[in-house]
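Enquirer: Mapping of the sequence shown onto my numbering: residues 15 to 412, in sequence order.
Just so you know, these hints were derived from the structure itself, not from any lab.
Treat the hints with care, as some may be off.
[What the hints assert, rightly or not] No farther apart than 25 Å at their CA atoms in a straight line, the calculated lysine-lysine pairs in the DSS-like style are these:
| hint | residue 1 | residue 2 |
| --- | --- | --- |
| 1 | Lys407 | Lys358 |
| 2 | Lys85 | Lys41 |
| 3 | Lys358 | Lys411 |
| 4 | Lys394 | Lys358 |
| 5 | Lys229 | Lys41 |
| 6 | Lys411 | Lys354 |
| 7 | Lys394 | Lys407 |
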Amino acid sequence: MGFGLAKTTSNLFRDRAPKAQPRIDLKHFDGVLNVDRKAGVVEAEGMTTFFDLADATLAEGAVPCVVPQLKSITLGGAVAGVGIEASSFRFGLVHDTIAEMDVLTGDNRILRCTPDNEHRDLFYGFPNSYGNAAACFADVARLCAEGGIHFLDGVVFSPTEIYLTRGRFTDIAPYTSDYTFEEIYYRSIRERPTDYLTARDFLWRWDTDWFWCSKNVGAQHPLIRRLFGRERLNSITYQRIMRWNTRWGLTRLRDRLRGVHPESVIQDIDIPLENASDFLAFLHADVGLLPIWLCPIRAPDPDSRFTLYPLDPAKIYVNFGFWDVVSHREPRPAGYVNRKIERKTRELGGIKSLYSDSYFTEEEFWSAYDRPAYTALKQKYDPQGVLGDLYAKCVLKR
Numbered sequence: 015m016g017f018g019l020a021k022t023t024s025n026l027f028r029d030r031a032p033k034a035q036p037r038i039d040l041k042h043f044d045g046v047l048n049v050d051r052k053a054g055v056v057e058a059e060g061m062t063t064f065f066d067l068a069d070a071t072l073a074e075g076a077v078p079c080v081v082p083q084l085k086s087i088t089l090g091g092a093v094a095g096v097g098i099e100a101s102s103f104r105f106g107l108v109h110d111t112i113a114e115m116d117v118l119t120g121d122n123r124i125l126r127c128t129p130d131n132e133h134r135d136l137f138y139g140f141p142n143s144y145g146n147a148a149a150c151f152a153d154v155a156r157l158c159a160e161g162g163i164h165f166l167d168g169v170v171f172s173p174t175e176i177y178l179t180r181g182r183f184t185d186i187a188p189y190t191s192d193y194t195f196e197e198i199y200y201r202s203i204r205e206r207p208t209d210y211l212t213a214r215d216f217l218w219r220w221d222t223d224w225f226w227c228s229k230n231v232g233a234q235h236p237l238i239r240r241l242f243g244r245e246r247l248n249s250i251t252y253q254r255i256m257r258w259n260t261r262w263g264l265t266r267l268r269d270r271l272r273g274v275h276p277e278s279v280i281q282d283i284d285i286p287l288e289n290a291s292d293f294l295a296f297l298h299a300d301v302g303l304l305p306i307w308l309c310p311i312r313a314p315d316p317d318s319r320f321t322l323y324p325l326d327p328a329k330i331y332v333n334f335g336f337w338d339v340v341s342h343r344e345p346r347p348a349g350y351v352n353r354k355i356e357r358k359t360r361e362l363g364g365i366k367s368l369y370s371d372s373y374f375t376e377e378e379f380w381s382a383y384d385r386p387a388y389t390a391l392k393q394k395y396d397p398q399g400v401l402g403d404l405y406a407k408c409v410l411k412r
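Let the hints inform the model, and build the full structure from the sequences given.
Expert: In structure tokens form, the structure reads like this:
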């Protein structure tokens, strides 16, 4: 029998039926162990949220190179999955910033993995494994150096309205804006050519309104916003509401009464820069969801190759983030729009994160996510298959 992890947080958007299996409780592995500004690293346990990690490093006048946008994302989760933010054009994805990791393998070994030790295959194979290769309980992440533009991202509001945001640290600000309560950050992008936020508020600028997805729970209405209160305007609250809705099916009932057939389209897609305009044109023509978040990615090490998330380190990619529901008037096959997105992604040489619904055939999946490398990892670190199968987990939802 396999085992899973007992966790109190999750940022996955692919529902699976609960499995009757033993679970390892790692929730107490949630502490920041050491912040070493001189060495430029922070050591923390795998269940440490980036909210806590950022607070600990900011107190020392530093910040992790890449801090994903949502407060509840954990360090281990961002490495086992794919973590990104506006600093990714300089530092790559979260796993590009990791110097070493301690993991528990499927055959009950505790190993320290680095880019150059005997477990470097697991170090480079762990990202995008979603716990199917090993479980992470500690990481050493790099802190970013000062100087220059630190952050670069964009928002597409329409085919003719795209904004690029460049961010840098400054010691002096004439004012600071507050987007943690009544004001909404993504709306300010269209209104303010220049803005100032505290470093802490900037890191979590997207969390208060879950980018713009707080509209799905009514939280952008001024009255509802006040009823929520400042302390509950965050991604953790919205996740609880959405999971409660998934369980009880209130929006499914509403859609049946309206005679529409909804499809959840929650995707983060990485496309090579040279094909990014083609992918954006496809999204406008065939998907129609707005806004769209844009985030450039450049690997800091041209020699690093992460086998289960095989971006070419010599290329610049653009992440397209779009998260909403497409409603059809007529019934469609399951994953109708998502399948079109997956096909276009493969056609343009891109890759998608696996935190949400996927509809690949098994052949398509393994051609994208390096079956030989995955098989070698499983044989070496999980020979009995107790951690399950990546395709079964991410596509078949088993």
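Enquirer: Look at each hint and say if it fits the structure.
Expert: Hints versus structure:
Under the criterion of a C-alpha separation no larger than 25 Å, the hint pairing Lys407 with Lys358 is consistent with the structure, at around 23 Å. The suggested pairing of Lys85 with Lys41 holds, with an alpha-carbon distance near 16 Å, which does not exceed 25 Å. With a CA separation close to 23 Å, the supplied pair Lys358 and Lys411 stays within the 25 Å bound. Restraint check for Lys394 and Lys358: not satisfied, since their Cα atoms lie roughly 34 Å apart, outside the 25 Å limit.
For the given pair, Lys229 sits about 31 Å from Lys41 by alpha-carbon distance, which is inconsistent with the 25 Å threshold. At most 25 Å may separate the alpha-carbon atoms for a hinted pair to count; Lys411 and Lys354 meet this at roughly 20 Å. Between Lys394 and Lys407 the CA atoms are separated by roughly 20 Å; this keeps the pair inside 25 Å, and the hint holds.
Violated hints, listed in ascending order, are 4 and 5; each of the other numbered hints is respected by the structure.
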